[in-house]
Every structure is written in C-alpha cells, then in structure tokens.
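Asker: These protein sequence lines are chains A and B, in that order.
All residue numbers for the first sequence refer to our numbering, where the first residue is 165 and numbers rise by one.
All residue numbers for the second sequence refer to our numbering, where the first residue is 5 and numbers rise by one.
Hints in this document: simulated from the structure, not taken from any laboratory.
Wrong hints could be hidden among the right ones.
Partial chain B-side listing against chain A, Cβ under 10 Å, derived [stated by the list, open to error]: (1) Ile16; (2) Gly51; (3) Gly74; (4) Ala105; (5) Pro107; (6) Pro120; (7) Ile123; (8) Ala124.
Note that CB positions come from ideal geometry on N, CA and C, so glycine has one too.
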Amino acid sequence: MTSEPLAWYIAGPCIAGCMALLLLSGKRLGVSSNFQSLCSLAGAGRVADFFQIDVKSRWWNLTVLAGIVLGGALAAAWEPALKTLEPAWLGGAEAWTSAASWLWMLVGGFLIGFGTRWADGCTSGHAISGLSSLQLPSLVAVIGFFIGGLAMTWLILPFIGTP
Amino acid sequence: MSARGFLWYLSIGTVFGYVLTDAHVVFLSSIEQMFRFQAFHMYGVIGSAVVTGALFVAAARRFGWFPVDGADSPIHRYPAGWKKYLFGGTVFGLGWAMTGACPAPLFALVGAGYTPLLIAIAGALLGTFTYGCVRSRLPH
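Chain A with its partners taken away, still in its complex shape (with noise of 0.2 Å):
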C-alpha cells in the first residue's frame, strides 16, 4: 500500500499551532521531559536527586502525551496503509521476536532518552518551541541532533547495516 503524507506546509502550521494552543494556556510543547517525569513516577527519585520533581505539576503533558498515542491510532485508523510503511524489523510483529531489533531500539532509545534529557529537549522542544522564540540554545542542540543524526547516517550505519 502506498500513502501520501499530508503536505509539509499543512503539517508545519498545524504543529505550530499545537504549540500556540499549549502557550495561550500558560504551557510549553515538550514531549523528552515526559520520560524524565515516567522515571520519577516508577520512584526513579530514590536514586537520582534530578527525578525528586513534581510529577503533578507536569500531569498536563503526560495528558498530552497520551493524545499523542490517540493521534497516532487515530490517523492510522484512518488510513489504514499508515500501518505499513515502517521497516517489518522495527514496527512489525517479528521485531517482538529478534534480538538483533530489542538490541536496535533498546540502544537507540537509550540515546534519545539521553541526548534529550542532556540537552534539556528534544525535536519539539528545541527545534519548534526554543527555535520558534529564538533562543541560541535551541539552534545549538538543533545542530547537535544533526551532527549526531548525519555521523550515524553517513559513517556509521553503512558499516553496521540495520537488523
């Protein structure tokens, strides 16, 4: 099956305007600092000063985030061929069952939950809310996420192949 993404000048305003309705109700859009706050509610805070934070004052993007899991369900109900265009090794049934892709997404999601949480923020955060406001520090880690994501693309996944 084949599907046509929504058009990029249609999907950027509409994530922007995400980020519009969360600042006119006194929020910000970041979605990274979730896992910092899953961390403290499995009581991650009884080793680590930094999760000894108030998970209730951050329920408001936990709740975000779970629209986030409804939006994906939503839309792949939907259009049903957006159920088909991740790799089978990493979407697909038999990634449950291949070691190769648990060692893939448990290493690559380590990254992510690393890199973000060191860069106070990730895509959303950085790239659309800090870019958005202009901030430097924002551009910085932008340019970080891509001198990270061009090394693994060009120098190091053709040696390692994917699973």
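Mind docking chain B on chain A? Use the hints.
Answerer: Just chain B, lined up with the frame of chain A:
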C-alpha cells in the same frame, strides 16, 4: 487537573500525534531521506512550523496574548551555554537516525499499531534514568 483540562491537553496531543503520523514525520523512511538530503519534506515540515511559530510568538508579544519575555512566561528560556546542548543534542541525533523517531513519534507509532517501538521507549526511559544518575560527571 480538571476534567476539562484533561480533555483540552488530550485533544492538543491528539492533533499533534495525528499530524505527525499523517505527515509521515514518525516514519524511519522520512528521517532517512532527511539525513540523506533526498527529500525536502521534513525540512519543509520543521521549517514551516518554526516560521509559523515565530510569527505567533512575535504576534503574542505585540498584542500581549501572554507574557513572552518575563520570568512568568510559559516559554522556557534555556540558560546560556553550549556544551550540554551540543553534546546532548548529538547523542540524541544518533538515536534519532537509528530509530527514525524522536520522542513524540515513538508514542504516536505505538498508537498507530507499531507496538515493538515500546522497546525503544523502554530504552529511552533507561537512557533518561542513566543520565539522571551520571549527570554531575558530564559537561554542561
């Protein structure tokens, strides 16, 4: 959080997740094409989001919709510096290119039925936990 607040934030997240999925932002192939400079699509999505967002922030400042510059602003002001942004950003970029997903897409993909991405989410939680344990030894 009130029931109304819950529905409000859930709805914003739903629109966000829907758009990311419908625009293919969440898929590995889109991120591959971005990092290989094979398609304009992702640059268009991020670029038009930033331009629209910047116009919105400028309008909010001009018309006083919410405090933009003060300490009471909902906009997070990142402290000056470069090390944590550059090094942390680079580490994240490596993972982004491996999985083709940044944090929001990981969750949208699970919703869309690609449940093995839960493994990547577990990895991300492990990564965040590890950062929290070793952060005092990292340059910031």
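Asker: Indicate, hint by hint, whether the structure satisfies it.
Answerer: A quick look at each hint next to the structure:
1. Ile16: holds, 5 Å
2. Gly51: Interface hint status for Gly51/B: holds (7 Å vs cutoff 10 Å).
3. Gly74: violated, 13 Å
4. Ala105: OK, holds: Ala105/B within 10 Å of chain A, min 8 Å.
5. Pro107: Interface hint status for Pro107/B: holds (4 Å vs cutoff 10 Å).
6. Pro120: holds, 4 Å
7. Ile123: Hint holds; Ile123/B Cβ to chain A Cβ min 4 Å, cut 10 Å.
8. Ala124: holds, 4 Å
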